[in-house]
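Asks: Turn these sequences into a full structure, and let the hints steer you where they fit.
Number of protein chains: 2
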Amino acid sequence: MVDILHRVGINASPRDVYNALTTLDGLSSWWTNDTQGRPEIGGVIKFRFGDRGFFDMKVLELEPEKRVMWEVVDGPKEWIGTKVIWNLSPEGAGTTIRFKQQGWREPVDFMHHCSTKWASFLFSLKAQLENGKGTPYPNDFLISIDFD
Amino acid sequence: MVDILHRVGINASPRDVYNALTTLDGLSSWWTNDTQGRPEIGGVIKFRFGDRGFFDMKVLELEPEKRVMWEVVDGPKEWIGTKVIWNLSPEGAGTTIRFKQQGWREPVDFMHHCSTKWASFLFSLKAQLENGKGTPYPNDFLISIDFD
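Top line first, the protein sequences correspond to chains A and B.
With this note's numbering as the guide, the letters of the first sequence map in order to residues 1 to 148.
With this note's numbering as the guide, the letters of the second sequence map in order to residues 1 to 148.
Quick caveat, the hints were computed from the structure, so don't treat them as lab data.
The C-beta atom is built at its ideal place from N, Cα and C for all residues, glycine as well.
Among the clues, some could well be false.
Think about it this way: if two alpha-carbon atoms lie no more than 27 Å apart in a straight line, the pair counts; the simulated DSSO-like pairs of lysine-lysine are [what the hints assert, rightly or not]:
{"#": "1", "chain 1": "B", "residue 1": "K100", "chain 2": "A", "residue 2": "K77"}
{"#": "2", "chain 1": "B", "residue 1": "K100", "chain 2": "A", "residue 2": "K117"}
{"#": "3", "chain 1": "B", "residue 1": "K100", "chain 2": "B", "residue 2": "K66"}
Some, not all, of what chain A presents toward chain B, calculated at C-beta under 7 Å [claimed, not checked]:
{"#": "4", "residue": "L5"}
{"#": "5", "residue": "H6"}
{"#": "6", "residue": "R7"}
{"#": "7", "residue": "V8"}
{"#": "8", "residue": "P90"}
{"#": "9", "residue": "R98"}
{"#": "10", "residue": "M111"}
{"#": "11", "residue": "H112"}
{"#": "12", "residue": "H113"}
{"#": "13", "residue": "S115"}
{"#": "14", "residue": "T116"}
Replies: Shown next, in the form of structure tokens:
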């Protein structure tokens with residue numbers, strides 16, 4: 001099993017970061033503007049990217065201002081069963097996010113792509129929280145970082 | 001042992017991408033403007049980031065337009081002995097880069113940080129090759145993506 005790891009510092013409070021990860025409005029502001037479902041424990045959040053694909057995430061953990069965990073219950077076959085884990089910690093007036101997508105079965109080519117894409121969406125999250133300039137799908141500049 | 005993986009598509013030829021990875025001018029245009037040393041097989045390339053740190057990479061493999069491998073011979077202790085591997089493949093008129101930093105002993109906190117930083121420098125490489133807008137140190141927008 002292999003994991004995608006990232007870390008980013010954001011000049012926003014843990015409360016604001018947590019809200020961006022746990023509300024439909026927040027998630028829509030940096031990942032995809034087509035985000036629906038129930039972002040509470042046991043609920044499923046449906047992230048849609050037009051004809052580029054989708055992910056359904058079941059919410060497993062919600063610890064305000066500290067931790068969020070989702071399990072991928074539908075989407076690309078390589079993603080199903082992986083867990084997406086967000087750990088937040090205060091750093092001065094800001095927040096450090098430690099991100100992990102845990103449990104890839106193999107380091108397949110698609111995992112390389114997803115690692116880079118996650119980074120770009122973390123930059124979108126950061127831009128959204130720091131200056132309101134998130135680039136969620138379909139405005140993600142990332143459409144252009146790969147050929148698919 | 002764990003690896004950092006990335007994949008990015010660049011609208012530039014494999015020849016141009018290879019040159020950006022194997023010449024001092026090329027490397028200076030997207031990673032750090034303080035790049036010195038001997039970028040040939042067996043040579044050591046010295047990447048300097050002011051008081052933020054440095055990496056010394058020994059060139060192990062050079063396969064024109066296809067593959068570059070370096071071994072980290074000095075720098076942060078977690079990096080020493082890891083290998084940085086660039087695989088290039090043509091994709092239409094462009095190039096897909098598959099990147100790996102192989103052989104981290106443990107998925108430490110610093111590895112999370114480096115995974116995200118590598119993504120940002122890959123975006124710098126892409127910007128440099130596509131429109132001459134690379135952001136090598138000290139102009140890396142990444143100074144701001146983390147707190148250190």
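Asks: If a hint holds in the structure, say so; if it doesn't, say that too.
Replies: Hints versus structure:
no., hint, verdict
1, K100/B with K77/A, "holds, 23 Å"
2, K100/B with K117/A, "holds, 15 Å"
3, K100/B with K66/B, "holds, 14 Å"
4, L5, "holds, 4 Å"
5, H6, "holds, 4 Å"
6, R7, "holds, 4 Å"
7, V8, "holds, 5 Å"
8, P90, "violated, 11 Å"
9, R98, "holds, 6 Å"
10, M111, "holds, 6 Å"
11, H112, "holds, 4 Å"
12, H113, "holds, 4 Å"
13, S115, "holds, 5 Å"
14, T116, "holds, 4 Å"
In the structure shown, a violation is registered for the earlier hint numbered 8 alone.
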